[in-house]
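Got chain A; can you put chains B and C on it based on the hints?
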Amino acid sequence: MRLISGLVLLAFCIWVIVPVAFMVYVSFSHSGISTGGVSEWSGLQNYRSIAGGQFFHSFLASFKISSVVCGVSILLGLPAAHVLATQKNKSSRLVGGWVFSTRFLPPVVAAIPLFIIFRQQALLGSFAGWVLVDLTIGLPFVIWLLKGFLEEVPPSLDHMARIDGIEGLIFFRHLLLPAIAASLVCVAALTWLLIWNEYLFALLFAGEEEPLTVLISSWRTYRGVQWGEICAAGVLALLPAIIILFLSTRLLMRGLSFGWDPNRG
Amino acid sequence: MVTGIRRKSLWALVPACALLFMLTVIPAVGVVVASFFNWRITGDITSAGLYNFYRLVQDPYFANSARVTLKIALFATAFEVVLGLAVAGSLEYWPKVRNSFRLILMLPMVISPMLAGLIWRLALDEQVGMLSRLWGSLLPGEFYPLSSANGAVTAVILVDVWQWTPFIAILISVAWEQASVRLLDQVEVDGLSGLAAFRFIWGPVLLPVIGVAMLFRLIDCLRIFDVVQVLTAGGPGNATETLSVFIYKRVIKFGDFGYAASAAVALLVLASIVWVVGERMFSLNYRGR
Amino acid sequence: MNSSPNTQKSRALTVVVLILLVAAVAVVWLYWGREPGGGGVASSTPKSSTTLRVALFKSPAVDAAQKLIPEFEAQTGIRVDLDILPYAELQDVVQTEFLARSPRFDIVMADCIWIPKFADAGYLGEIDRYLRDPALTPKDYNYEDLIPSVADYLGKYPARGKTYGFPFMTNSHVLAYREDLYVKYLQPKGFRRPGTTPETAWTWDEYLRAAEVLTMPNAKLPGGTQWGSSMQAKAGAWLVYEWYSWLYGFGGKDIDYSIMRPMFDSPASVDAIRQYASMVGKVAPRSVLSWGHEEETQALGSGLAAMDATWNVELTGYLLDPSTSPHAKDFKFGLSPVGRSGKPTPDMGGYGILLSKFSTHPQDAYRLMVWLTSPAVHRRIVLDGGTPFRYSEMKDPEILKKYQVYSIYGIALENSVYRARVPQWPEIEDIISKELTPVMEGRSNPKEAGALMTKKIEPLLPKR
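Residue numbers (this note's numbering), protein chains in the order written: chain A, 1 to 265; chain B, 1 to 289; chain C, 1 to 464.
Chain A on its own, in the form it takes in the complex:
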């Protein structure tokens, strides 16, 4: 039984890794019209050829939107999450349920009216408009995750603070923040990644910015599909995700399941 299960795991491991490994391999290969496909090793040539042009701008655009949306989401989401985590009454539970349910709103449903409104308000293709729509993803994510993590902060922290008369930002900076620092970093990283990976809203609302997901998906030239360059861009776009992977596995798992923690189920 142990052997069979080992084989299952091994097979699954290969199945998970091989496509990604193939992308990495192609990113170092020569490809294009002259070979009709993918062929010999080309070293860093693909990386060099994408380094100059649009790729850099797109990388920056993606970086900018991810950071701004992540920042705004945390800024707006943290106070809300704290209320939801510490106040257990009917209305806060209702609000919590509603925030949770927005996770399941199909993006295309929200996108149409926003697209129409934005085009009339000249927000279409503007950075502000793009940030606003991306908040529909970032904000519920942050609120819900932080709420879960804040609930784990022992209530004694609150009591202690009250007895000592510590309030406001001091309470926040010296007591609450250290208690949730690890979780907060994890939530921020995942929110950042969520926006970094986002595609539909970027396609509709990013305008001239052309973030990485949009650039890579439309990376087709008349010289043939440049798989080498596409894969090189893909590998670079993947790097932040790989870095984030090395955060805590348990925290990540909760993040990826929208705060649903089987440990407590």
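Relax, there's no trap hidden among the hints.
Straight-line distance between alpha carbons at most 27 Å, and here's what the computed DSSO-like set of lysine-lysine pairs gives:
| id | chain 1 | residue 1 | chain 2 | residue 2 |
| --- | --- | --- | --- | --- |
| 1 | C | K282 | C | K189 |
| 2 | A | K64 | C | K58 |
| 3 | B | K253 | C | K357 |
| 4 | C | K357 | C | K162 |
| 5 | B | K253 | C | K162 |
| 6 | C | K402 | C | K58 |
| 7 | C | K253 | C | K447 |
| 8 | B | K253 | C | K58 |
| 9 | B | K253 | B | K71 |
| 10 | C | K401 | C | K67 |
| 11 | C | K253 | B | K253 |
| 12 | C | K402 | C | K67 |
| 13 | B | K253 | C | K463 |
| 14 | B | K253 | C | K455 |
| 15 | C | K332 | C | K395 |
| 16 | C | K447 | C | K282 |
A few chain C residues that don't get close to chain B, going by computed Cβ distances all over 12 Å:
| id | residue |
| --- | --- |
| 17 | K58 |
| 18 | L82 |
| 19 | D145 |
| 20 | E206 |
| 21 | G251 |
| 22 | T360 |
| 23 | V377 |
No wet-lab data here; the hints were simulated from the structure.
Every residue gets a Cβ at the ideal spot worked out from N, C-alpha and C, and that includes glycine.
Just chains B and C, lined up with the frame of chain A:
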């Protein structure tokens, strides 16, 4: 606690919720309203009553989209649950590598679905792809995953299974591990592993986890867009034109806002039904109940 | 659980956040009530009375034009701002400005298939009276030198009988083949060389037979087969653009405008569906169903496919570039096959530069349009990567020396067919693509597909 303070601190909810309200509820209501109008990008807006919904019912392309979407959602979710269960179960036999294996499993999940679609577009490419070469050297017959209707649907399901089986596997695995620990603590019976333990764990622990995971996957599949757009762009023909692609096309290419809105209402209703039913069935009392 | 100590913290954060929110709402609110026709976006108001703004998309012709613009500015004192957008965004940006009746753009570059939609909605400015004014249209502009079919398709909207602009970039189909393969395989079997005049050009049947001959095993190629024909049968504009050449080649027709009825179910149209679909799996790999421009070029350039009856002229440069194309020196071009009418029927594509109805200085804008398409200036754009549309350019020795294919391009353009010039084209294109694909997959038959296209397109057409 003084109620006055409690009420005041609720204010911290307002900015976030107001913004979220503006960005989700108003658009959702807007979609419903727009679906009752004949609203084209070039023309005037006129009231259409239920005409858009009448068109929807009559439209074979819409019926096809609904069918394709459901097919993808059901098959992908089913495969993911079965595979995820197998992987999580296998992992119970290898407790030492459990955490590092989970780390590897997370790789597909942190990749952008767009990029996942592209990676598979390359792997399945009928000329240069890894799988087409493998197929050509090992198996007889033709291999057209992207150029035939059934092949393309299978390809979309395949990518979703690749990307999200780990999600289900890890959720189950974590729950399983915790439950085994508890079980051992309580009973302190040696050798209660494998199938024996499974019987104890299956009903109370794993079923709810699988339920929740299925709910997540079903709803995510119903709105699938990125992978399809990159992998097949809805083709060949309309073989993989999922509801999201259908709606997207009608907004961006045709500028037929009213009609697109009516299709979006249908998608919203579908997702809501799954959500409400799923929530009840698995008594999904989210954290902090 | 209690939470009172954090009240002040929450309040401080709340204040910051509320300010941000109010600002955001204010921005939205300011623009909310903007009436259509109320002058457009603040930033889009031209800075001075003599600045022209042009919306274009990034392409070789535009790059070439950009280099020449300073000369126009020096000659006329009119400032020109070029807004160069990615192709995918051009339509949406332009459409958005038009919808707001904004004067942001004086001139827009538009894909041929958008022109009916724009014209029908009343977004385009008429230029017929300027064309008759010798002060605005100098004699040496020589409008008659423009190939009439191109001037019509890329500058006019027949349903209104008006002219809105000039062609800027053109595209059509020619037959691309490999000389080495012709000599080795086709000549011995008695095939004549694909001709460069309507009299000597191949017929569609000859093309199909030649493609069969050239489909043969070749272990060096991926998949192990050299295919006779490349195609771009990916769902959407690609497939439809290519198939239109076949539709007209086999004597079919899309729409009978006199009765406003689709004609896809006529026997000739059904035959066109059958013949086109017959290539898939026989002389072209089944994979063509996922091929667009890029894959079509790649297949031909790499040797995977030997010929292409509907080669996109605008991409010729890539095919003939020896640094990327191993068979560059072997490629030759003939007219695309002649149809039942005895003439080639390549489908025309391309882009026009059109006057916006909302331009605040239409005469100056018109001057720029004339300047860019004038014989002296446009010739230089062609030499720098643009595509020609004047008779004089097709005979220009310097141009022909650089791009030999243009010697037959004039005949191709003159005989070109158009896709339906109705505002509902995007929907029509979608239907054709969706009904045609199953035939190529063998899931439907040509007759049924033709009938379905007709049935579904008919309600879309405007009633006369």
